[in-house]
Structures are given as C-alpha cells and as structure tokens.
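> Sequences and hints are given; from them, build the entire structure.
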Amino acid sequence: MSEKLIEVNNVTYVYEPDEEGAPGYTALSNVSTHIDKGEFVAVLGHNGSGKSTLAKLLNAIYEPTEGTVSVKGIVADTEEKGDEVRRIVGMVFQNPDNQIVATIVEDDVAFGPENLGVEPSEIRRRVDEALKSVNMYEMREREPHRLSGGQKQRVAIAGVLAMQTECIVLDEPTAMLDPMGRSEVMKTVCRLNEELGITVVLITHFMEEAVLADRVIVMDNGRIIDEGTPAEIFSKADFLRSHGLDVPQSTELCRLVGIDGCVLSVGEAVEKIASLIGGAAG
Amino acid sequence: MSNAIEVKNLTYYYSEGTPNQVAAIKNVNLAIEKGTMVGIIGHTGSGKSTLISHFNGLLKPAEGNVFVDGEDIWQSKETLRGSRFKVGLCFQYPEYQLFEETVFADISFGPKNMKLSPEEVRERVLEAAEFTGLRKEMLDKSPFDLSGGEKRRAAIAGVMAMKPQTLVFDEPAAGLDPSGRKELIKLIQNYREKTGCTVVIVSHSMEDIARVAERVIVVNDGEIAADGTVDEVYSHSDELRKMGLNVPEITQIFSKLHDMGYDVPGNVYSVEKGAEIILNLIGRGCR
Amino acid sequence: MVRDITFGQYYPGKSVLHRMDPRMKLAATFGMIIVIFICKSFPALGLMTLFTLVAALLSTVPLKMILKSIKPVLIILIFTAVLNVFYSKGGQTYFSWWKIEVTEKGVNTAVFTVIRIIALVVLSSLLTYTTTPTMLTDALERLLSPLKVFHIKVHTLAMMMTLALRFIPTLIEEIDRIMNAQKARGADLETGGILQRAKALIPIFIPLMVSSFRRAYELALAMTCRCYTGGEGRTRMKQMKLAGRDIACLVICLIVLAGVITLNIFFKKVI
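Listed in order, the protein sequences are those of chains A, B and C. Take the first sequence: its letter number 89 is residue 89 in our numbering, and every next letter is one higher. Take the second sequence: its letter number 222 is residue 222 in our numbering, and every next letter is one higher. Take the third sequence: its letter number 176 is residue 176 in our numbering, and every next letter is one higher.
If you are wondering where the hints come from, they were derived from the structure by calculation, not from laboratory data. One or more of the hints may lead you astray.
Simulated coverage check for chain B against chain C, where a stretch passes if three residues somewhere in it have a Cβ under 8 Å from a Cβ of chain C [what the hints assert, rightly or not]: (1) 132 to 139; (2) 150 to 164.
Taking beta-carbon pairs under 10 Å as the criterion, some of the chain A residues facing chain B (in silico) [stated by the list, open to error]: (3) 61; (4) 94; (5) 139; (6) 225.
Pairs of lysine to aspartate or glutamate, EDC-like flavour, derived with a Cα cap of 20 Å [to be verified]: (7) B:26 - B:6; (8) B:273 - A:238; (9) B:273 - A:129; (10) C:238 - A:122; (11) B:60 - C:21; (12) B:182 - A:220; (13) B:163 - B:130; (14) C:14 - A:141; (15) A:56 - C:173; (16) C:238 - A:141; (17) B:34 - B:95; (18) C:238 - A:119; (19) B:60 - C:190.
In this text, all values refer to a predicted model and were calculated from it rather than measured experimentally. We put the CB at the ideal spot given by N, CA and C, even for glycine.
Laid out in structure tokens, this is it:
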C-alpha cells in the first residue's frame, strides 16, 4: 500500500489585489489531490494554469485561502509548522541564478543543513554526498556565476538533497535552460527518484518531461482537469491541445499511423513503426 | 542586389588583450540575402549570440567586416547608428527591457530614437501593437501590469516599430508553453509575409526552426558548421546531436529507421509528413 | 566575457598565509596596522618593514601583484611626501631657495610617512590576496559576534555581504544585457551633455531595478524554502580552528609589537 505524503484537500488560492490596483484573481479553485511517498508526479499545464501556485502550496510558502494542505499530517498554519513542512518538502525554482546563496558551490549546498543546525562534520558528509549524486562534486569549489544553467540547477538540487527532505518539488526547473542543461537536470531528477527513492513533484510545460513521471496531473484555469499515467494522459491529444498543451512527437506519429496504445518514447516508436513497416512488407 | 547582412572574415575574442583571451568567432563568412528567413542554431556558448551582436554593431569585430545593406557599418558613426535601425535585434527574454510608464511609450522608444515625427511614431506604434496582438486598451497600461506573454509581445512590438529591414530574434520563444511557442512563431511568420523583410531566428529548438526557416545555419565552436536548406541540414541529425543540439523526436525516429535500412528519408521534421510517409509505405506494402 | 569577473583580488595559492585561519589573519592585519602607527623611530619602522617583507615572501604572491596594489595610492604617496618635505621644518637645511626650504626633518618625515603608507597598503592587500571574500566575510562575522550583546545583527550584516558578493557578477551581466537591448533600440549612451547622458540611463536603470526586486523576492523565497530563519540555531560546515601556524603568527606579532615599543624608547623619534 502506498503511503500518502502530501494531501491537498479542496484548496482554493486567491491572490489579493495589491495597493497599486493590480486586480486580484483566483489561481486555484477547489483543488484536491495527493502525492504518495516515492512517487514521481508531473504537474502539466500552460503558463498561468495555476501549476506554480500549487507548487508553492506544497511546501507552505503560500497558505491556502480555503481548504488544507497537509504534509505527513502537518498542516502549516503557523510559521513553526511551515518550517517543519519545509524540512520534509524541498523546492527548486525556475531561475537558476536567484536561488544560489553562497559564492562557492559547496557553501551553497551547505546552506540548508546549516540552517537546520546540523553538526559540521555531518554537513560536510551530506554536502559531498549530495554533490556526488548530482555529478557536481568535481566543481565543488567553483563560483556559481561561472557555471552553466544546467549546472546551477544541479547545485540547487544538491542543496535540497543535503537537507535530506523526503520530497522535492521542482517548479519548472528547465524552463530557462538549453537542451543540454535540460537533459542534465532531467536525468538527475529521474535518478533521485529511482535510486534514492525521493518523492518528486515536477511542475512543467514540457511534454517530454511529463512522460518520465509515474503520474501526470493536468491543470488549466486553476483546476485539475485530468490525472493519470502518462500513457492515459497522452492518448488524449485533442483534449491536451484544447488546453494549450501538446503530445510528444513520438506519441503523435504513432497515433497518426494507427498504432494501438500510447507510445511515449523515441525508442518505442522506432520499434513499433519498424514492426509495422516490416509486417506490412512481409 | 546587395545582401541584407554580410559578414567577411569575422573574428571576435572574449576578454581581448588579457591572458584569458578566447576566440568566440573564428573567421566567419556569411551572407544573408534580402527577404529570406534564416534560422541559426547552435548550443549555448557556440557563439551564435555573439555572431548576431555583430549584425548591428553592438560588438566590434577584432578582425573582418560587417556589411549591412552593402555598407560597412564601422565606416563612420553614421553608418554604425544606421545599422541599429536597419537591423532590429530582439534579445532573449526581451520583456526585461521594458521600462516606460505605458506600453505605448515603451514601444515608441525605438521610433523616437530614430527622430521621427510624433505622428509617424504614433502610427508605427499602433501598427506594431496591432501586429503583435496587443489590444488598444493595453497601450495605456504600465508594461509591468501585463501578463508574461503580453510583455513579450510588447517588447517585440518595440523592435518591430522601428521597421528594420532585417529583424533578428534571439530565442524568441524561450520560456513559453507549447501554445505560446506556436503563436509566437506564427506571429513572426505573419510579420514577415506582410512586410517582406529579412528575418533571422536564433534558437536551439530545431523544431521551431524547421517550421519556419528556408535556410539553416549551424554555428558550433565559433564557426559555421553547416549551412543549407532545412532538408539538407537535418539529414545530419547525428552530427547535430553531437554538437549538443536537440534533434526533434520525429527526426530522431526517422533517422533511426533510415539507418536500420528501412526505405524512409532520414531528415523528416514534421509529424504530419512523417505519418504520411509511413502510411504510404504500409499502403504500398499491402498492395 | 563578463563571466570572468573576479571579486576582491584573491590570488589562489597554498602558502602558510593562505592556510591561516582567516580570523587570525584579519585580527593580525588589523593589529599590525595599528603597530605601524605606533612606530615612531626609524629602527622601529625598520622592524615593521621587515615583518611586512617576510609576510610578503611567505604569501608566495608575485612581487608584481604586490606592486600593483601600491599603484592606486601612488598619487597619495607623492602628495604626502611633497607636503612633508616642505612643511616639516627642523634640523639641518639641505636646500633653500626663495621661500622653499628642505630640511633634515622634512626629508625624514617624508620618507617615514611614505614607508608607513606602503607597509599599510602591502599588509592589507596581502590579506585580500590570500583570503577569499567569502572567508573574509565569515571571519568578520565570527570576530564581531560578541557585538550581539549590543543588539547588533552581525549575522544579518554578514549574510548581506555574502549575498552582495554573490550577486554582483549576476547584476553586471544583467546591466550588460539591458544596455545591449536598449542600444539595439537606438538608445544613445555615448553622446550628449551630462544631463542628456543621465537621462539616457533611465532605460537601463529601471529594468535593472525591476529585475533586482524580482530577484530579491525569489531569493527570499528560496532561502525560506531552505529553512533560513536568521542566525539563530545555525551551524557552519566550515569550522574555523586555530592551528599552530596561527599561534605562531600571534607570537610573532606580539614580539614585533614589543620590539617596536622598545626601539621607540631607545631611538630618536622622527614623528
């Protein structure tokens, strides 16, 4: 039986209008979902669909206007409980520059555990381990501004790992990266989930990334409009397109040539099409 | 007819004159004909952004010449300034350049710098706004109150309002979701069809480039690694991948099938085309 | 490329000075600068100069780099020298013309002051050559932490310094980007009078402010997410420990201090 790590119950979140007259709006309305321990969940939606707001509710940066978010039974209604939640759920943001605090890579990774009051020798151990698991150990003495975007994001991930949180929420971690950086980060994320058993919530608008998840939550207009395995979700091409999304090219090609089931990767597509052509020829 | 942009033996160094001197552009020769739609691809650090910064004289070549509309832009102050208005450069995340109190004022920054009459400025702003799909009531708003997508379009309108002969976009769709990407690419396509101007799109998305460009230039390590039609360039998908580019899934599939000996072309870059080829193939097989 | 910007003037190395506890380095530099001003006689100053020379040799920083640090104060040096030569009067007169008189005292004070300033500059640049800005900030935080008693937020100040060091290269890159974007729209930053040029900076300044506020907000969020709640209850990964070399440095500094005081007593005061 899978254990529920985060439970989101009927959550509504309203951005208050500010003094300068920018109107307030409802970013999330009556959202309910849950994240299981060890799961890899992708939250898919176009810009402004409410997915980033949901992410910020998961580790108590925002407090729901209505409804509750509980992490291992903790509802963050006070600041102390908010900190408790953030010890369980870590977060990586979109802009790699704006989340690195220190002037040296390893000092930055140490920042979280230092805040938690961990013993110095233990911090050293965690920092080295975290840097190794994101393949940045060799660069531990570099200055962050000399790193590429993908490397900076990996440092940010290591920073969360060193806090030993059970869950890591990544809010569009690849949106500002180039293809190489994107694949570096995604490989790292997958490894965290598979090898270290860390629960991953990936907020994204890239279909190719959502495909890698165990479960996909599709959002539009502040609501969850669909939820299921990647195969279930990506078999609904028209539905996704009507919500400003798309399906991976491999999936689309296989659908167009009439291959049954939902194909999600290049390798699988090649295989299926090869046998289709081969079968037809033979 | 002279070329829209021509670059002759261009070399450029980072940190020139210091021990850290690195060649960013190495003896590049390039001509972009008027009215064409050219895509430049290359990974981060390949030198593609450095290259386009030479097109309007933001960077001065260490060696070689840059010609805009047949004129050497470094000839005099006037030609240099002229090149800024002939070649409109729209950088990555252009929304971060917005600064005026209203969207209208921001779009008119470029035309005003061209010393146009107020009527002419107004006309151009309205035209550019219409083109980029900014509604009239948005023009009186503060640019900082717009949504992300609207900000991007306002910034692009600011460059379009200068009516440059050549428009260069650096990663115009960066950070946008799939529908936003498509809309923006369409916008650029429409603009070009209507004005007939030369367009250069710099991107590492081979997918977007394939959709619009007539000619693709691949920049790698400060040099031009390939130059040709989309069909020609995309048939080398393996080499492109080695240069750190992300070859579209569809191209990967077809290049693999091609390598496996199936009778399919290796340079397919649109899903519809790919499906058509396969359906034809199995249709023929059944017959 | 902008990425190559280095802050401070750290010169990487593995010398004794590099490996010393930054707290000791900071305290010793500060202390020895005071000792420079205690020196009143040439032999005392000579001892101090010797100390500075030995420190410079131990640092393994090339002489050229050290001389480079004196360059910015060259004008001050010349100015002080000239001033002292002409205004301190006394002793034997070496040279006299019209109202200008060069005396023994004048020359002595000039030489004395110049050596003092050079020693001061060299010592403080040795500190920055052998210590990274981060380590300096850390050392400063730890040395000043007793000030907490007076409700001075030492940790907050140090954190601000670290963040400033971290973000300066990012902001320089950003300025570069915004400048290029506005230049591409025909912004003219090079010509015109002061007023015109100041006005031309608005299109750069405003986007920079907007983006800095955004960065600050995002950074604050990121820090909250990493359970930052201020200095209370924080530990540090890098512990600073006084080693033998630090004690040795302390002892040497004390000996030099004692020597300077003694030499001041036994020899003629210059100043």
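> Is the Cα-Cα distance between residue 14 of chain C and residue 141 of chain A 20 Å or less?
Holds - the C-alpha atoms of residue 141 of chain A and residue 14 of chain C are around 15 Å apart, at most 20 Å.
> Within 20 Å, alpha carbon to alpha carbon, are residue 238 of chain C and residue 122 of chain A?
holds (11 Å)
> Within a Cα-Cα threshold of 20 Å, do residue 182 of chain B and residue 220 of chain A meet the stated pairing?
holds (18 Å)
> Is residue 163 of chain B within 20 Å of residue 130 of chain B, Cα to Cα?
holds (14 Å)
> Holds or violated: residue 238 of chain C and residue 141 of chain A, Cα atoms, limit 20 Å.
holds (13 Å)
> Within the assertion that chain C covers the stretch 150 to 164 of chain B, do at least three residues meet a Cβ-to-Cβ distance smaller than 8 Å?
Since 3 is at least three, the answer is holds.
> Does residue 225 of chain A pass the interface check with chain B, least Cβ-Cβ distance below 10 Å?
Interface hint status for residue 225 of chain A: violated (15 Å vs cutoff 10 Å).
> Is the Cα-Cα distance between residue 26 of chain B and residue 6 of chain B 20 Å or less?
holds (15 Å)
> How about the stretch 132 to 139 of chain B: do at least three of its residues have a C-beta closer than 8 Å to a C-beta of chain C?
violated (count 0)
> For the pair we were handed, residue 56 of chain A and residue 173 of chain C, check the Cα-Cα distance against 20 Å.
Distance of about 29 Å is beyond 20 Å: violated.
> Holds or violated: residue 34 of chain B and residue 95 of chain B, Cα atoms, limit 20 Å.
violated (28 Å)
> Assess, step by step, whether the Cα of residue 238 of chain C is no farther than 20 Å from the Cα of residue 119 of chain A, and give holds or violated.
Holds, at roughly 11 Å.
Hints 1, 3, 5, 6, 9, 11, 15, 17 from the list above are not met by this structure, while the remaining hints are.
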